[in-house]
Each structure stands twice: as structure tokens, then as C-alpha cells.
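The primary structure of each chain is shown beneath.
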Amino acid sequence: MAQITYREALNQALREELERDERVFIMGEEVGYFGGAFKVTDGLLAIFGEKRVRDTPISELTIVGAGIGAAMGGLKPIVELMTINFGLLAMDQIVNNAAKIHYMFGGRAKVPLVIRAPQGGGHQLGAQHSQSLEAYFLHCPGIRVVLPATPADAKGLLKSCIRQDDPVIFLEHESLYGVKGEVPEEEYLVPLGRANVLRNGKDLTLISYSKCVYDSLAAADALENQGIDAEVIDLRSLNPLDMNTVLDSVRKTGKAIVIYEGWYTGGAGAEIVARIQEAAFDHLDAPVERVATLDTPMPYNAKLERAALPSPAKIIQVAEHML
Amino acid sequence: MGSCTAQIVLKRASSNRALLLYFAGNDVLKPGPVELAAQPRASPCQALGIRWASCLYFLKFPQSPLLTYVSILVNVVIESLALPGAGGFAFMALERDKHIAERALLTMDEAQLLALYRSMSLIRRFEEKTAEMYARGKITGFCHLYAGEEAVAVGAIAALYDKDYVVSTYREHGHCLAKGASPRVVMAELFGKATGISRGHGGSMHLFDANLRFMGGYAIVGGGLPLAAGLGLSILYKEEPEVVCCFFGDGALPQGAFHETLNLASLWKLPVVFICENNFYGMGTLVQNAICQEELYRFAEPYKMPGVRVDGMDVLDVYGAVTEAAARAREGDGPSLIEAVTYRFRGHSMSDPAEYRSRREERIWQERDPIKALRRKILHDRRATENQLNEIEAEVAAVIDDAVKFAEESPEPALEELGKHVYVEE
Ligand SMILES: Cc1ncc(C[n+]2csc(CCOP(=O)(O)OP(=O)(O)O)c2C)c(N)n1
Ligand SMILES: [Mg+2]
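These protein sequences, in sequence, are chains A and B. Heads up, this note's numbering is the position in the first sequence plus 445, with the first residue counted as 1. Heads up, this note's numbering is the position in the second sequence plus 1, with the first residue counted as 1.
Derived from the structure by calculation, the hints contain no laboratory data. Model, not experiment: these values are computed from the prediction. Not one of these hints is a red herring.
SDA-like, lysine to any residue: derived pairs with alpha carbons at most 25 Å apart: (1) 305(B) / 475(A); (2) 484(A) / 597(A); (3) 748(A) / 710(A); (4) 496(A) / 270(B); (5) 139(B) / 353(B); (6) 378(B) / 114(B); (7) 239(B) / 494(A); (8) 555(A) / 421(B); (9) 604(A) / 426(B); (10) 496(A) / 237(B); (11) 496(A) / 305(B); (12) 625(A) / 751(A); (13) 164(B) / 610(A); (14) 239(B) / 491(A); (15) 270(B) / 479(A); (16) 496(A) / 333(B); (17) 697(A) / 659(A); (18) 194(B) / 552(A); (19) 484(A) / 623(A); (20) 270(B) / 534(A); (21) 270(B) / 489(A); (22) 239(B) / 609(A); (23) 555(A) / 240(B); (24) 421(B) / 639(A); (25) 496(A) / 239(B); (26) 164(B) / 468(A); (27) 164(B) / 332(B); (28) 139(B) / 129(B); (29) 421(B) / 723(A); (30) 421(B) / 638(A); (31) 555(A) / 238(B).
Work the whole structure out from these sequences, hints included.
Written out as C-alpha cells, the structure reads:
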């Protein structure tokens, strides 16, 4: 297996799918000549040309809407939003059109659209550039929400998303683009809706997705030194949500912490906590806890920003308190 | 004091004289000479209580000797009306060669003309029945009728091929029927039945049929425009010859989606015909209270596409303009903006008594009923007999009665349908 970055893995996925299926094309701000704001689409314009890798004006609402229309017209568009913060301008098209069209037309229309967007904090980009907004989309039925943590998943999940027929919000964490990991050389897909148990343990379940998976793994390593055996689950996607894997683990450990980078209040983790207590209340030895971003806009100051975000130290603190 | 729009058709008589052919929809109403250089002395305006000042527009009769007919839509001030915010008057005029409509009338064969007549009558009848069924509680929720605006959908869609796409709004019964949907499945959808065109999941505002290339009614004002651009992109991408016809109301023009989409469509030369149905109101708000530029077709200019204003009460005028725009789009020359000036005969939705406009204004427009106008034209030119037209009316009434019966007798969706169709892949 090759060691490649999350960014390269995404780039490979895009290239392979562009090669595989004529209907697949990419559009978004700066995806072509600039190579992508985070260089994910780098080099693709040179291979596939302007028809398949299309630069757009700064018109998020209409780029997403045009992606929906193109999908309804039989294509498989991949729309890149420069970051999810700007995706808020497209919220109407995402929520009112993409997520609704299949249902409100009685199953007679479909929107095979993938919307890729970087998100997340940690780079001192301030309040308007540091958000993790997956909960906004998770709240809305009709649209898949996928958040890969590893390079292998980034590639395998993106390819699966492109090949299926529902609209997807594919959220990439800005801190992960440079992260390296093993990625199979041969063609593979990671199916949607299957959480990944990254580490087995019997004392405690750490449930997370996207960048927080790394925080969870680091916390688990540290806890091991204290004799605490933590299981780490990467959800991979919030919709579909693989609760079976989560519940199997929680029934075994009796304790769980959900770690996510969205705001604490109303975050995706709140949903997971609720579902755990609904389905596994009798197995719980302690209330299910959450480690999330503080309920403030993101500060610029580095120290304050670190304090706002989830971290291994915070996970460890909560775990110690729990056990 | 308030304002409304009237149409004036002038025929050039000499360099500074024109004949007033018709005014405010009264065909060939008191034709007589009009001094172009002076304020007209007598005109039917008086009878309508319209101030003379509005007729100053005559002075702007274009000097091009090529133009013989001019259709002018003027926003005239009617003293006896009290419309909110309609202080003063603004001329909303576009000189448009009425030849196009005349030519369409001449080049269409009888069958085509009668098909237009039938389609408009079918929609009118459908809407009348819908109102009736709504009053009887058979149809619920939001329901926006298209009566009065039939010439726009029918004229535009008649100018398209079957494989061309249509994107519409929540006021889309007319577009969907004109595109060929069976009144049965549309009525069944309004009834919320399993046999409905969207299986009862959509309702009045969300009709859809991919086979007919009727790509849906969307209830967010301006929300359909980006989809039309995307469909246009898919056509270019697949190198297909189709075009997209995108309908929206005057209320969509202040929306960002309108401006973003026109820019994108023009930038990428997308094969889209944008048709703004200017019925003067977005709910109860007059166009001039919502949009800084009330000559809506002029929004084409900054986006570098042709923009025309057509008489949306004249099916042939709409047909002519859309034929041109669609041909242009098909040839790869990009999008156009057509402003079809029209009027909805009913309130905004079934619950709106339209208190914000006068009954007199409504009457003026009802005189311009697009179906009656076509009927007059057909009979005047002896393209069909009164009998033929009456037969069409009767046939259409039977079709709609059958649609209601079908809807009534259709089953409700099973409860299991509730959770179905959220995802393609469950
Ligand atoms: C984004 C949005 N804002 C407000 C509304 C509520 N609304 C529904 S119809 C309408 C008026 C639209 O008028 P227009 O576009 O002229 O269409 P018409 O009803 O005249 O056909 C409004 C404000 C909406 N549906 N969507
Ligand atoms: Mg309107």
C-alpha cells in the first residue's frame, strides 16, 4: 500500500471517477486554473479540460443549483464549495431543492450530486472561516452527510458518493489535507453507512468523525497508559448513520463519549447521545458525554482558539471523570 | 390615483401620424388618427378615466420607417384607482414589432391555432374546476391559479420541441398541462392522491414529469432559475439540441438567484430561455414597489443577452418571441430574457381576495382575456368557425370533469409511502 495524503487521495478519487464515467464533471470556484483553493483538484484541468473541470464565478447558490439541474439532466456533477462557510449562501438550494426533489416529486426525480466542501477550525482563520456545519445538513432528511477522516476513507467514500444517486454533502477537514495514510493501490470503494472501529477496547467508547477521530485516537493512547482501554469508532458518515456499530460497542463498554468539532449545542453529537440512550439505556454505566467546540464564534487568538476546540486533553479529562 | 398597464397598438400612417388600432385590449377600438407630435385630443383613454399625461408616450413613436405596427405597454395613471404606492406613473414601454404575432398568426395552420386555443381553454377550465374543488375542501394547502396567464405558458411551450425542458414555479398547473401532462394526474396530485403526478408527495406547487421534460414546480421564489442553468449545462455537455424554458414571476427579479443565474447562463452561453411572467404583483406588492427597474426585460442588458417585452395576453406574441429565443439558444448563441406582461385573474392564492387592487383594474384586464382574444382573432380571420371553437370548449370541459372524477376515485397513498422516496438508495 502507498502512503499518500488525504488531499492526494481525494485527487485520485476524482481522477479515477472522471476517467471512469463521462458524466462525471467538477465545477466550483477556482477548481480549474488555480487547482482548487486547497489544491484538491490540482492537475485535473490539464488532463480533462474545461468541460470536465469547470471554473465558476463566485455564485454559491447558483453553482449548487446548477449542479442540481445538471444532475437532473443526467450528469454526475461534483460541486466544490471553496469552504462550507460560503456554502451557507447555497443553503436554499441544498435544503429546499437537493434534499427535497426526490421526495416531493414522488421518487420520480433524482439528484446524483456530490457537494464537496472543506470545513473546520484550528488555523486562526477567525469566526467566519472556521466552522464545522455538518449538523445543519444532518438535520435535513434527503441529503447524505459524509465526513472522511483518513486518506483511504477519503478516496473510497468519495468514489462511493459519486457512484450513488442521492445528493451528498462531503465535508473534508481543512486540517487533514496534509495527513498521510495507507491507501490501497488497487481500485476499491468504501461503502456508505458503515462505521469503522479503529481501535478495540472494553472500558469506554470514543465516538467521533472527521478530524476528531485523531484526537480520539491520541486520547485512547494516553488513556491506555493509565490502564483504561478505550474503543475508538469513526462514524465516517452521519447520514447514513451506522448506529449498530456504536450500540454494539456501547453495550460492551457501558460508557461513551462523543467527540465532534461542531458547536456543543445542537451538534451532531447530541443526536448520537440521544440515540444511544434511547437504544442502550440499560447498558449504560454513566451518562453519555460530549466533547465539542465551545458555544462561541471562533476567536482568532491561537490560545483561545485551542481552548475552544476539542482536544485529546479534553477527552482524557472527561474520560477520567467518567471512570 | 393608481396605475395599471394598458396596451396600445399604433399603426404608422406617415412620418408623424399614427393610427390608434387598439387600446387596453379593446380590439380596434375607435381607430383614428393620432398626432405624434402633439398631445392627443380625444382618445378612448377618457372613457377609462386615464389621464392625458400617459398618452405623451405617443411622442416616442420610433422614427424607423420600417416599423409599421407598434405595440406599446404603458403604465397609465388611472385617477379613480387607489393602488398602494403607485404614485405617479412610469412608462413601461417597449416598442415591439407586432409583426411577429401577426406573422405567427399567418404561418400557423388551423390545427396549430386550434391546438393553442384548446390548450389555453383546458388550463382555464382546469383552474376553474380547481377553484371549485378547493372551495369544496377537496384540494387543500397552497394553491395558485394561472387563470388569465394562459397565453404565456401555452405560447411559450408551443414554441418548444417535446424534448425541450421546462422549469417552473408554484404557479405551474398551466405549464405542466401545456407541456402535455394529463389533467387526470395533475388533478389527482392536487387531491393528494397516490395516482398523482408526484404520487401525492408534491401537491399543487410540486408537479413533475421527467418524461415530459417538465422538470418541476418550485415554491421558493427564484429557486428554479439555477436548476434551469444546470439543465442547460447538461444539454451543452451532452451536445444535445434541446433548450430549457424557465418560467418565473416578477417577484424573482430582486432575488440573488436571478442575477447569479443570468450571469452564469450568459457567461457560459447556456441554452436557456428565461421567461418572466410579469403580472405586476408579487402577492400584494406592485412591481414598482419591489424592483428599481420596472422595465423588467432591461435586466437582460447588463447580462449581455437579448431582452424583450411581449404581450403576455397574446399567445401568438409570446409564441413568436420564444420561437426566436429558442432558435437562438439552440444555435449556441446563449440565453434570452423575455418579459411577458400578463395578469392573474384570481388572487395570489386561493386564500387571497386581492384587496390590494381594484375591481376596475381587474375588469380592464379581463377585457384582455387571452382566450377571448385568440377566439376573436380566429373568428375575425375566419380560421375556424364558432362551432369548432365551441366544440373544443365542450370537449375540454368533459376532459376536466373526467380528471376530477379520476382524482376523486383514486386511492390515498398508503401510509408506508410516507417514508419512501427520501433517498434513491434506502
Ligand atoms: C424565497 C421566498 N420568499 C418568499 C416567498 C413567499 N412568496 C410566495 S409567492 C410570493 C410572490 C411571488 O411573486 P411572483 O414571483 O411575481 O409570482 P406570481 O405569484 O405573481 O406568479 C412570495 C413573496 C417564497 N415562496 N419564497
Ligand atoms: Mg407576479
